[in-house]
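First to last, the protein sequences are chains Y and B.
Per the working numbering: the first sequence = residues 1 to 117.
Per the working numbering: the second sequence = residues 1 to 114.
Please note that the accuracy of each hint is not assured.
Unchecked claim - Only pairs whose alpha carbons sit at most 16 angstroms apart, straight line, appear in this in silico EDC-like list of lysine to aspartate or glutamate:
| # | chain 1 | residue 1 | chain 2 | residue 2 |
| --- | --- | --- | --- | --- |
| 1 | Y | Lys42 | B | Glu88 |
| 2 | Y | Lys42 | Y | Asp86 |
| 3 | B | Lys61 | B | Glu20 |
| 4 | Y | Lys83 | Y | Asp63 |
| 5 | B | Lys49 | Y | Asp104 |
| 6 | B | Lys61 | B | Glu88 |
To be verified - Covered by chain Y, per the in silico footprint, the following chain B stretches (three or more residues, Cβ under 8 angstroms):
| # | region |
| --- | --- |
| 7 | 35-45 |
| 8 | 102-108 |
Read the hints as simulated data drawn from the structure, not as lab findings.
Note that the structure is a prediction, hence the values are computed from the model and not measured.
The beta-carbon is built from N, C-alpha and C at its ideal position, and this holds for glycine as well.
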Amino acid sequence: EPEVTQTPSHQVTQMGQEVILRCVPISNHLYFYWYRQILGQKVEFLVSFYNNEISEKSEIFDDQFSVERPDGSNFTLKIRSTKLEDSAMYFCASSGGLAGANTDTQYFGPGTRLTVL
Amino acid sequence: AQSVSQHNHHVILSEAASLELGCNYSYGGTVNLFWYVQYPGQHLQLLLKYFSGDPLVKGIKGFEAEFIKSKFSFNLRKPSVQWSDTAEYFCAVNADTGRRALTFGSGTRLQVQP
Numbered sequence: 001e002p003e004v005t006q007t008p009s010h011q012v013t014q015m016g017q018e019v020i021l022r023c024v025p026i027s028n029h030l031y032f033y034w035y036r037q038i039l040g041q042k043v044e045f046l047v048s049f050y051n052n053e054i055s056e057k058s059e060i061f062d063d064q065f066s067v068e069r070p071d072g073s074n075f076t077l078k079i080r081s082t083k084l085e086d087s088a089m090y091f092c093a094s095s096g097g098l099a100g101a102n103t104d105t106q107y108f109g110p111g112t113r114l115t116v117l
Numbered sequence: 001a002q003s004v005s006q007h008n009h010h011v012i013l014s015e016a017a018s019l020e021l022g023c024n025y026s027y028g029g030t031v032n033l034f035w036y037v038q039y040p041g042q043h044l045q046l047l048l049k050y051f052s053g054d055p056l057v058k059g060i061k062g063f064e065a066e067f068i069k070s071k072f073s074f075n076l077r078k079p080s081v082q083w084s085d086t087a088e089y090f091c092a093v094n095a096d097t098g099r100r101a102l103t104f105g106s107g108t109r110l111q112v113q114p
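Okay, chain B solo, but in the shape it has when bound (with noise of 0.2 angstroms):
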């Protein structure tokens, strides 16, 4: 079974601070990436995912994330947050053996400061 791993809980940055979240799984195999977000009070939303081809991918809003198939990672990046960017951010992960269910980690609180 497949696990996913992100390490910084809680991050406070100031507005227009680069951003950079970790995200690692465990699985032998081929997998999908996805990251959410969830907004204060809102449902959780697809920022980007990947699946295969290039492993820079860009979402919505300015994020991108890399896929380094060596280090089973899958952080997101933005070069330049903004406050309305303050959100719980959780990456998630599925088996490309044909599963659907989500695996995902614990999430970071994310606090972007004006």
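The following block holds chain Y by itself, in its conformation from the complex (with noise of 0.2 angstroms):
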């Protein structure tokens, strides 16, 4: 069964670092999100793309955040400045984006730990 691929799984950086976290979503999905969980909280959405440009973005992906699809098969989330409360879970999930429908199912990947120091 395709999957939702991220890498790195785990990812140590210190304030004010830029750091890219990578996703390959099922490959003829449409849509591309990213989550994130800090430890002890919800799961929050962060972002969603769609033909190349971000469709949703919620309150907490500000100038800081930015996504790209360089290439045909990954899907990129760009911190520019790292802080102590990025660290967290980032997960990055696809779904295949049916005409119209937001009940299609996202499929998430495993996540990547972003640890700021």
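Dock the two chains into a complex; use the hints.
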């Protein structure tokens, strides 16, 4: 069964550094998402991406964050200048993107644990 | 904005016991409802979802959930749990306005003892 993959599984960085988290969505999916879960808190939506542009974003997704689909397979989340509070598990997801349907299943990757020191 | 509450944070059951995990949402409009499960060391995967039709939804691995609109609830049930059901269970919603962003509950950790 096709799966969403994410690399790295764990990233440690210093405060103020830039990080790029990488995801390979399921190949025929059209919608891509990033969520995060701070330790002990809920999974929170960050952003969704369709047709090479952001389709939705939350208030968490400020100017420090950006997303990109640099080629036909990867989907990346960049954090420009990391803060201590960015430490979290970051999940990528993808969905088939049935036209007009927001009921299609989102398939999640295993997550990248980001630790900001 | 919608919100989701899962009141049971940690549930411990013996094998063959029945399971019901509560999920309540807060939103004035129509919603789509999802239950995801995360087994130890694995990624989130969909158990079942509801968006229209029969309010009793059947999912994988013998799970079902009932949407009760008047109670804003979407409780997850299983008549007889197995040790392999040990996992964390997340309820999620999205607003039926075309938005795809999922709003998650805080999760319920289920521990099934053999």
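Comparing the hints with the structure gives:
1. Y/Lys42 - B/Glu88: holds (12 angstroms)
2. Y/Lys42 - Y/Asp86: holds (14 angstroms)
3. B/Lys61 - B/Glu20: Status holds; Cα separation ~15 angstroms.
4. Y/Lys83 - Y/Asp63: holds (13 angstroms)
5. B/Lys49 - Y/Asp104: holds (9 angstroms)
6. B/Lys61 - B/Glu88: Roughly 15 angstroms separates the two Cα atoms, so the pair holds.
7. 35-45: holds (count 5)
8. 102-108: With 6 residues closer than 8 angstroms to chain Y, the region 102-108 of chain B meets the three-residue bar; holds.
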